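> Below are the chains, spelled out letter by letter.
Protein chains: 6
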Amino acid sequence: MREEFNTELFAKGLKNRQEVLGAEHVQKSLDAADDFTADMQKLVTEWCWGELWGRPGLDRRTRSIINLSMLAALNRPHEIRLHVRGALNNGLTQDDIKEIFLQVAIYCGVPAALDGMKVAAEVIAEEKAKNAKAGAK
Amino acid sequence: MREEFNTELFAKGLKNRQEVLGAEHVQKSLDAADDFTADMQKLVTEWCWGELWGRPGLDRRTRSIINLSMLAALNRPHEIRLHVRGALNNGLTQDDIKEIFLQVAIYCGVPAALDGMKVAAEVIAEEKAKNAKAGAK
Amino acid sequence: MREEFNTELFAKGLKNRQEVLGAEHVQKSLDAADDFTADMQKLVTEWCWGELWGRPGLDRRTRSIINLSMLAALNRPHEIRLHVRGALNNGLTQDDIKEIFLQVAIYCGVPAALDGMKVAAEVIAEEKAKNAKAGAK
Amino acid sequence: MREEFNTELFAKGLKNRQEVLGAEHVQKSLDAADDFTADMQKLVTEWCWGELWGRPGLDRRTRSIINLSMLAALNRPHEIRLHVRGALNNGLTQDDIKEIFLQVAIYCGVPAALDGMKVAAEVIAEEKAKNAKAGAK
Amino acid sequence: MREEFNTELFAKGLKNRQEVLGAEHVQKSLDAADDFTADMQKLVTEWCWGELWGRPGLDRRTRSIINLSMLAALNRPHEIRLHVRGALNNGLTQDDIKEIFLQVAIYCGVPAALDGMKVAAEVIAEEKAKNAKAGAK
Amino acid sequence: MREEFNTELFAKGLKNRQEVLGAEHVQKSLDAADDFTADMQKLVTEWCWGELWGRPGLDRRTRSIINLSMLAALNRPHEIRLHVRGALNNGLTQDDIKEIFLQVAIYCGVPAALDGMKVAAEVIAEEKAKNAKAGAK
Numbered sequence: 001m002r003e004e005f006n007t008e009l010f011a012k013g014l015k016n017r018q019e020v021l022g023a024e025h026v027q028k029s030l031d032a033a034d035d036f037t038a039d040m041q042k043l044v045t046e047w048c049w050g051e052l053w054g055r056p057g058l059d060r061r062t063r064s065i066i067n068l069s070m071l072a073a074l075n076r077p078h079e080i081r082l083h084v085r086g087a088l089n090n091g092l093t094q095d096d097i098k099e100i101f102l103q104v105a106i107y108c109g110v111p112a113a114l115d116g117m118k119v120a121a122e123v124i125a126e127e128k129a130k131n132a133k134a135g136a137k
Numbered sequence: 001m002r003e004e005f006n007t008e009l010f011a012k013g014l015k016n017r018q019e020v021l022g023a024e025h026v027q028k029s030l031d032a033a034d035d036f037t038a039d040m041q042k043l044v045t046e047w048c049w050g051e052l053w054g055r056p057g058l059d060r061r062t063r064s065i066i067n068l069s070m071l072a073a074l075n076r077p078h079e080i081r082l083h084v085r086g087a088l089n090n091g092l093t094q095d096d097i098k099e100i101f102l103q104v105a106i107y108c109g110v111p112a113a114l115d116g117m118k119v120a121a122e123v124i125a126e127e128k129a130k131n132a133k134a135g136a137k
Numbered sequence: 001m002r003e004e005f006n007t008e009l010f011a012k013g014l015k016n017r018q019e020v021l022g023a024e025h026v027q028k029s030l031d032a033a034d035d036f037t038a039d040m041q042k043l044v045t046e047w048c049w050g051e052l053w054g055r056p057g058l059d060r061r062t063r064s065i066i067n068l069s070m071l072a073a074l075n076r077p078h079e080i081r082l083h084v085r086g087a088l089n090n091g092l093t094q095d096d097i098k099e100i101f102l103q104v105a106i107y108c109g110v111p112a113a114l115d116g117m118k119v120a121a122e123v124i125a126e127e128k129a130k131n132a133k134a135g136a137k
Numbered sequence: 001m002r003e004e005f006n007t008e009l010f011a012k013g014l015k016n017r018q019e020v021l022g023a024e025h026v027q028k029s030l031d032a033a034d035d036f037t038a039d040m041q042k043l044v045t046e047w048c049w050g051e052l053w054g055r056p057g058l059d060r061r062t063r064s065i066i067n068l069s070m071l072a073a074l075n076r077p078h079e080i081r082l083h084v085r086g087a088l089n090n091g092l093t094q095d096d097i098k099e100i101f102l103q104v105a106i107y108c109g110v111p112a113a114l115d116g117m118k119v120a121a122e123v124i125a126e127e128k129a130k131n132a133k134a135g136a137k
Numbered sequence: 001m002r003e004e005f006n007t008e009l010f011a012k013g014l015k016n017r018q019e020v021l022g023a024e025h026v027q028k029s030l031d032a033a034d035d036f037t038a039d040m041q042k043l044v045t046e047w048c049w050g051e052l053w054g055r056p057g058l059d060r061r062t063r064s065i066i067n068l069s070m071l072a073a074l075n076r077p078h079e080i081r082l083h084v085r086g087a088l089n090n091g092l093t094q095d096d097i098k099e100i101f102l103q104v105a106i107y108c109g110v111p112a113a114l115d116g117m118k119v120a121a122e123v124i125a126e127e128k129a130k131n132a133k134a135g136a137k
Numbered sequence: 001m002r003e004e005f006n007t008e009l010f011a012k013g014l015k016n017r018q019e020v021l022g023a024e025h026v027q028k029s030l031d032a033a034d035d036f037t038a039d040m041q042k043l044v045t046e047w048c049w050g051e052l053w054g055r056p057g058l059d060r061r062t063r064s065i066i067n068l069s070m071l072a073a074l075n076r077p078h079e080i081r082l083h084v085r086g087a088l089n090n091g092l093t094q095d096d097i098k099e100i101f102l103q104v105a106i107y108c109g110v111p112a113a114l115d116g117m118k119v120a121a122e123v124i125a126e127e128k129a130k131n132a133k134a135g136a137k
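Protein chains in written order, with UniProt numbering: chain A, 1 to 137; chain B, 1 to 137; chain C, 1 to 137; chain D, 1 to 137; chain E, 1 to 137; chain F, 1 to 137.
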């Protein structure tokens with residue numbers, strides 16, 4: 001791991017980030033870190049995942065709800081993809097996620113809801129396939 | 001009340017809207033309804049408050065969390081004002097609301113967080129003053 | 001068709017949606033409806049296509065103009081694609097659509113206009129190819 | 001008038017701008033033009049009002065419909081105020097404007113619609129008061 | 001000053017924030033910090049002003065240019081007001097700021113440019129009045 | 001070249017556009033111009049590249065900084081791609097671009113920064129590969 005990642009806050013953030021988004025995805029981002037992207041990886045891991053997600057004020061399930069709501073409003077499909085997976089890891093059900101996007105439809109408009117739900121449906125299908133495969137073993 | 005408001009879904013929505021946003025605010029909106037705004041009041045009360053807020057899938061506290069997150073991202077201070085009050089009515093504490101805006105700072109940017117928090121702080125101060133006055137009686 | 005789709009408002013919306021967006025596209029969305037997406041399909045078909053597009057206040061051509069304008073501003077390419085096709089079905093010419101995106105350039109900025117026009121150009125080329133093929137038979 | 005305003009395109013744009021937004025409002029903007037704002041006034045008058053609004057491809061009524069749709073989506077209340085007045089000047093009725101904002105509610109979300117309609121209602125009330133006063137003379 | 005503000009990064013950020021936005025404005029924000037807003041003040045001062053503005057990679061003048069560009073695009077008039085003042089403190093001239101907003105007009109659309117320029121013009125007028133008063137002493 | 005492109009302002013804009021974005025990309029856009037897209041190409045080349053980029057008030061390096069900042073905030077990946085290449089042509093280093101996106105993270109939120117940086121990293125890798133290939137000859 002790059003030297004500048006060697007801080008206490010980074011370690012704390014890394015653990016939160018891995019637990020929410022999955023170790024594999026996070027490893028891929030860190031492995032890809034080069035002189036152009038490393039400072040961003042550091043900032044995101046320390047501030048977003050160390051500081052914010054490390055705060056005890058709200059549980060992870062609630063933080064996932066907040067994120068999906070904001071990301072749908074912000075029109076950020078890549079992040080919606082990551083955070084639908086995170087939401088499932090944090091205990092949201094398929095029905096919870098459905099309700100969030102119905103509320104998005106009313107407050108952010110139907111296009112935001114349809115776009116977000118399409119991404120969410122893909123992630124949910126992938127997770128089901130993965131679980132089915134794991135169950136078949 | 002205007003004739004076109006006389007539907008079952010409107011009545012259901014009206015009850016939800018009053019319980020969340022306060023009867024006084026809702027009455028003001030409905031009293032102001034004229035030929036230009038009545039159809040919008042009907043749509044919002046039926047669709048948003050009857051259909052969506054009437055769904056059992058998420059509790060009101062969670063719906064308030066979703067709304068504050070979306071409204072901060074959408075840059076809608078008038079609606080943030082209404083829904084901070086709604087959030088307090090639905091059981092969110094001052095600390096819960098603070099945490100939401102800290103998460104807004106990271107995902108929507110610092111300006112969205114500072115603008116939203118300013119409005120929220122005003123509502124919280126008003127509610128404290130109102131409660132202090134009520135307590136003094 | 002799923003049982004919850006069996007309402008009068010859904011039937012009305014379905015007809016409008018099919019006439020504007022094309023029966024094939026709509027059928028695909030409804031066929032894909034599962035426990036995750038069916039409530040959204042219901043909401044969109046009833047409220048957006050039954051209630052709103054069912055209103056006599058504006059003709060369909062005008063509603064298409066409004067939609068393209070909003071969708072370009074909202075940065076929603078998937079929906080622009082659908083509604084450029086809808087606009088052609090509702091009688092807008094290629095020149096009308098061109099003018100809308102020129103106005104988008106001034107009010108929403110050049111990137112919104114270029115992104116939107118690129119999607120529109122693809123749809124227009126597809127429609128021309130389809131018509132040429134149909135004409136050749 | 002400032003020397004740099006002395007172009008053919010500016011004169012053409014100025015005429016369009018005055019006819020749509022009202023001579024009084026435009027005069028105020030131009031009178032206020034100083035070394036900081038004059039280049040912007042020139043760009044807007046020439047580009048937006050000379051080039052775009054001078055195009056024959058769409059009538060003014062349609063351009064007003066496009067503008068209100070975009071401005072509601074873009075969350076720009078100052079411009080909504082100007083262009084509701086412009087829309088009335090260009091022949092849109094109160095009912096047309098109402099329909100636009102109902103469509104905004106579905107596609108841009110309820111907060112965009114309520115915020116935009118509030119501004120529109122104020123302009124419509126002002127115009128009615130002005131007309132009543134004029135009629136009383 | 002509140003105890004949680006007592007970190008090295010906060011001190012570094014506070015210095016940067018005061019030098020850019022003015023000591024008076026910053027003091028007002030910190031004095032107003034209470035249990036609701038203090039964590040946000042800490043996050044903003046440490047993260048935004050300590051971490052980011054403390055980076056040597058770009059000079060302050062350039063960071064002001066970036067901020068005005070983003071804030072105009074983000075539709076955040078309160079922050080534009082603060083950062084036009086900051087831009088003047090960081091050495092941007094009135095003409096530099098004018099050019100930024102002309103570029104905003106083309107890329108973010110005319111409404112973003114007019115709204116932003118209006119706020120900027122007010123700040124510039126205030127600063128001129130302040131300087132004239134100071135010069136008259 | 002199409003007849004309507006035959007203006008002095010178009011020629012001036014074309015030169016700027018080619019120098020910033022690369023002659024190959026611009027040629028592709030112009031070659032693709034047809035009755036649907038030609039007026040947009042004309043508007044963009046004349047106003048954006050002739051008028052704005054032709055202004056002496058800011059150097060091209062600064063205009064690239066402004067553009068990347070706005071485009072990240074506006075969520076326009078296609079344009080970010082073009083203008084990262086333009087920024088490199090205008091003398092920004094990889095480190096300058098990195099700093100811009102770190103500032104985007106704070107003010108527009110982490111998703112805007114990660115999305116933008118991903119596109120920028122791809123362009124930077126392509127340019128390095130191209131230069132390596134050119135150097136190997």
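Watch out, some of these pointers could steer you wrong.
Covered stretches of chain B, as calculated for chain A (at least 3 residues, CB under 8 Å) [claimed, not checked]: (1) 36-42; (2) 85-92.
What follows is a list of derived Cβ distance ranges for each label pair [as the list claims (entries may be wrong)]: (3) E:Glu-24 - A:Asn-6: 37 to 43 Å; (4) A:His-78 - F:Glu-19: 52 to 58 Å; (5) E:Gly-135 - B:Asn-131: 48 to 54 Å.
Keep in mind the hints are simulated off the structure, nothing from the lab.
Model, not experiment: these values are computed from the prediction.
C-beta: ideal position from N, C-alpha, C; glycine also.
> Could you run down the list of hints and mark each one as holding or not?
Now the hints, each set against the structure:
A stretch counts as covered by a chain when three or more of its residues have a beta carbon under 8 Å from one of that chain; for the region 36-42 of chain B and chain A the count is 0, and the coverage is violated. Residues of the region 85-92 of chain B with a Cβ under 8 Å from some Cβ of chain A number 0, which does not satisfy the need for three, so the listed coverage is violated. Between Glu-24 (chain E) and Asn-6 (chain A) the CB atoms are about 40 Å apart, so this pair conforms to the stated range of 37 to 43 Å. In this structure the supplied range 52 to 58 Å is violated for His-78 (chain A) paired with Glu-19 (chain F), their Cβ-Cβ distance being about 32 Å.
For Gly-135 (chain E) paired with Asn-131 (chain B), a C-beta distance near 50 Å keeps the hint of 48 to 54 Å intact.
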